[in-house]
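Visitor: Take a look at the letters that make up each chain.
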Amino acid sequence: MSKLTPVLSAHWDERDSHTLAGYQRHGGYNAMKKALAMDPDAVIQMVKDSGLRGRGGAGFPTGNKWGFIPQGDNKDHYLVVNADESEPGTCKDTPLLMANPHVLVEGVIISSYAIRAKHAFIYIRGEVTHVTRRMLQAIEDAYKAGFLGKNILGKGFDLELTLHIGAGAYICGEETALLDSLEGFRGQPRLRPPFPAIAGLYARPTVVNNVESIASVPAIIDKGAEWFASLGTEKSKGFTLFSLSGHVNNPGQFEAPLGITLRELLELAGGVRTGHRLKFWTPGGSSTPIFTDAHLDTPLDYESVSAAGSMLGTKALQIFDETTCVLRAVLRWTEFYKHESCGKCTPCREGTWWLVQILRDLENGKGSEADLAKLLDICDNLLGRSFCALGDGAASPIMSSIMYFRDEYIAHLTNGGCPFDPVASTLFASSKAGA
Amino acid sequence: MQPQTDLITLIIDGFEITVPKGTLVIRAAEQLGIQIPRFCDHPLLSPVGACRQCLVDIEINGRAFPKPQASCTIPVENGMVVKTQLTSEVAHKAQEGVMEFLLVNHPLDCPVCDKGGECPLQNQAMTNGRGESRFEGKKRTFEKPLHISSQVLLDRERCILCARCTRFSKEIAGDPFIDMGERGALQQVAIYEKDPFDSYFSGNTVQICPVGALTGAAYRFRSRPFDLVSTPSVCEHCASGCSLRTDVRRNKTLRRLAGNDPEVNEEWNCDKGRWAFQYTMAKDRITTPLIRENGVLREASWPEAIAAATKGLQGKKAGVLVGGRTTVEDAYAYAKFARVALGTNDVDFRSRPHSDEEREFLAAFVAGSKVRYSDIDVADHVVLVGFEPEEESPIVFLRIRKQVSKRGLAVTAISSWNTRGFKKLGAKYVGVVPGSEANAISALTLTNQSVIVVGERLSESTGALSAVAEIASKSGAKIAWVPRRAGERGALEAGAIGNLLPGARPVADAAARVDVAAAWSVDSLPATIGLDSKAILAAAAKGEIQALVVGGVDPFDMHDPDFAGLDSAFLLSLEMRPSAITERADVVLPVASVVEKSGSFMSWEGRTRTFEQALPESVYQSDLYLLSLIADSLGAPLGFNTVRGAAREFGTLANWDGARTTFSRKSTSASATTTVLASWRQLLDNGSLQINEPNLSGTARKAVARINAKFAQSLGVADGDLVTVSTDHGALSLNVEISDVVDNVVWLPRNAVASQSLRMLGALNGAEVKVRKGL
Amino acid sequence: MANTPQTFDANFLSRLDAIIARYPRSRSAIMPMLHLVQAREGYVTAEGIEVIAEKLDLTTAEVHAVASFYTQYRRTPAGEYHVGVCTNTLCAIMGGDEIFAGLKDHLGIENNERTADGKVSLEHIECNAACDYAPVVMVNWEFFDNQTVESAKTLVDDLRAGKKPAPTRGPDSVPTFKEASEVLAGFNDGRANEGVQAGEPTLLGLKIAKGERK
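Protein chains in written order, with the working numbering: chain V, 170 to 604; chain L, 784 to 1558; chain G, 358 to 571.
Hint data in this document are derived by calculation from the structure and do not stem from the laboratory.
All C-beta atoms in this analysis are idealised placements derived from N, C-alpha and C, irrespective of residue type, glycine included.
Take the hints with a grain of salt, since some may be wrong.
Claimed, not checked - With a cut-off of at most 20 Å between alpha-carbon atoms, the simulated EDC-like pairs for lysine to aspartate or glutamate come out as follows:
1) L:Lys-953 to V:Glu-352
2) L:Lys-921 to V:Glu-352
3) V:Lys-287 to V:Asp-245
As the list claims (entries may be wrong) - If you want the ones that stay clear, here's a sample from chain L, every Cβ over 12 Å from chain G, calculated:
4) Gln-971
5) Lys-1257
6) Ala-1310
Based on the sequences and whatever the hints tell you, model everything.
Guide: Next up, the structure:
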């Protein structure tokens, strides 16, 4: 008996799981009916009681976030769903929405009802055409079914839902940049305070939540806060999607309670690529400091991962075996941050520009050991000095990789270049090996 | 009454300080004399926290922020303890780190950069940066400067992306013609390639740029800051009253910058004020006195010219025409010269369209009034009538816009064309046919917190000023009269007008005359109310006036001026450059421009704006000095021959506490059923103080004829087609731009090169015109 | 301001209005409007920027500022099939670098260039949220999973030959760049029900939980 707890993914194996009929066959939209019969504050309380924490990376308690919205203020409120999944390694919301967009629509209806929003937005990244189609279709079908629009289910609740499609900017996953982007500006982060709960979209009280957070709401309403809270650990409650990718025999999505370990997940994924061993991995995407095989038994919950020096993030477990050059991996991530830096603040904009050049030189065997100290000092000047967390994300892989693999950096210098064969780490190499 | 302000006490670097709630940490530190380095921060722009240079360590009630905070974005709180770079190693290292980052992509071209020597980046890198950069890599490179307008150049390599310029353009000017483009390290300030940065306020971005990324074409590579001698000065271009700084090198004006006067222009000015000063160095400046002999002007010595002027004026009935650009002291001299030396009240500063209704209005409601910019700040409603603030007094525009942005100030614009400027103020537009403004004014609901801003051209709409007077007295609303020219308000106060003596003393009031006569040590003053400019010329044409003293007037600025009067009378001209007056003058005396003399202007507020002589080695004399010589020669001395002397004497006359003139209401007579003209001057045009400024004039609005779509359809013309506007007097042809103009009205620029409606059509606002398609 | 371009037909203009109607404030419409411009023009043209500025009462500089911020808005025409090879760390290491190099060589074009026949443009892209299907190639932002150098070459050959291969997870045949851009402008093309609901890796955990796989 595995630890797996398929809830969100429970019916993804049915051919029509993405349709309204497929969703309703298993009780889809019943939670909405239940919620709309409740007092909105009771819905907020239920989500608070469940202990659901934001699944987008920061892990902020979802119910508390909703509770910050001032009620009775005679202002428009907005719900904005962050479906801009772009963090390297993160691949959970995209398959979720492809397989079951309706669970998000239902979650949006319940959540909007709770915070008294009459217009909700889903900000989806622009690089996933088919997911966009399914989202558009699901919203259309929900309108036709009377779940969206005026006077939903005759309860006097009105809700418009607009799908907003991005156009390629990682920074728009940052909630205030997302709001600026949704308002039609360059997606650059805003000053906080004011926080979105007070002045968010169009300067109105706004909740911004990740796809998975909102998609988890119907199950909480349906099965109860206690049921949800009974899963997971004391402070990290519930189930979630863990995404394993890279050098594992069977990559994929695993829905399990928080607190499961990589060792357990690897076992489910058929282990590290046959004939190879784990070298390093990310617990929650490229912005989270890397782990090594020393962390196989770290419980994957917010507290434990943090205590071990990284962050749970998006639970994007990218697995790299010993054929992988850590410097190559880190350089590529750094190039990503340079490409995605919005340009607003100095440390991130200039720091990533500089870091890439030093790392490239090191990869080519140019430089000296002193450059490692310089790299770390630049990271120190970047980490916590930039406007938003993108700068922190850029520093994390460099700092953590030097901590664990300093010798490998030096080896590039003594070797006069990268000592690794890049072909050895490709999928083709492994399929050849397997054949 | 000032609202009670909550105070906050905090500690910065060990020093306790108490400041008003809402103060940013960086400003509280300034008050202690602690300079936290910064780039994106600007006190008049909204905080952005982008450059990260001002990071400090902060704790509140013992709880420390986990990382350094940008002091330009954090308001003070009670119990806050701030440690700047002076007391915190973390803050110091953070700032050094940011400075090093800023220099990663900054070129090392300080030796050839205009900003070198006055560059915040250079200065702060020296005081707060590391001695040497550890960056050994490749800097990003861009094509060297882009012309983002004919006046402003952008060197993207030097830009540190502080976004001051883009924030200014959007927040303050309302002209987001520049914005950030691209992303990350390739982010750059950008225009859209087809639409240049043609904002009237673009020069401010050059001034607030903390590096040499934005430069003005006119000043580029001309000087080093340390070679310049700076003089505080005042703008002579309009009545806004901007404080300026004039920078001179080797007796030549090289540039002018906006001065910082929080009560007036804050730290801004318009591009005309900044970049139009070549006229003082024009090659055709009149440099010596001239005397007409056998029909030809010849150079003369000063004594010869003064003698000729004296002879020409002696014993004649004379009139005085004063241009709208004289300083207060010069205007005072003209006013006194007319009364004391020429024995007449026939003096008028209004060398532009004017009316008796206006003169009465000015005497009754404007002279001596004290409506201020600060009244706009607290107004509940601002009404604009006969006035387009962005074109006709740009700092008034910025001040109104500030209040619109800050607190949603209600603005109503009574006009015939809903301009972009009005739209930027979110103004409620009341479209009227020129001539019928009075009805729209009377229909307003105002309070004693309202301000009615009246432009000088409202005089062209009979009854409109009367309607303003009436609604103001009924509601208690304040009247702000904003003339276009810098000298008009001062000239009004100085008594350079036929119905007032200095200090708003009515000519018709015997006590006022006695008062002034006593101050001037003369037996009496003429008691007849004087003629206005137009009537003076008409009287000259009829021989009733035989001599004219004309200072800085272009007759083509007037409506249908009587040139016969100029031809027949003895004509004494005090002037800088040749004009239609010079062509007819009998004696010409060259005078000093504003940089060659000291003095003061009075802004539309009635605020005295004193300036010093910027060019010390001038050969030119002020008008008042020359008038004093002639007055002496005529045996009627003015009693002063210096600016200080004139100012001191005028000062003693400034406060009249006697009765004001009364105002008799004129009724409106608008009945436009035909096509009528609407027309005013735009900021950048064919004005005589804008000559030799090709870069500046490149940013002027295109001269077009504006009609609405309905009118265009009836004429069978589309956007861009040529139309001809004509009167019995003449015709002019322009391309059409379909605009939000009221029915049956065609709007034309009054003084564009291709569209001088007064001169070419002889038509005022509300005049009947004909419009046809094509030439 | 540049004058309104006359090049757009009433249908296009009314679709711009339909986009504006989705939002409480018009400026929010700028991104889908840019996608719609790409659906018509194949990239963001000057006329496209100008018509958006006109419709939203913005300056052209403001529209340009937005258009140049997001990488999906192209300054040059995309191929009929815009091929993106993920070369972010995980895909790169799993073979994305080899695939990208192989395609450049095979097509004879560099990053962000287009083949002479206008059929295919090539770009290396960042993480596309399909890491469990690495290495991934996107065609007009449809998923072609678990690619090899050879499969990717075959893919582009098919695209150039006018065959419309089916994405691994997507509609039954790959749309053109303009067709896909229309979807990204928020206009449903009615093809949501085509293709699988999920790929095998997506279902792996579920199947293990149900005992269908080990």
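Visitor: What are the numbers of the hints the structure violates, in ascending order?
Guide: The structure breaks hints 2, 4; every other hint is satisfied.
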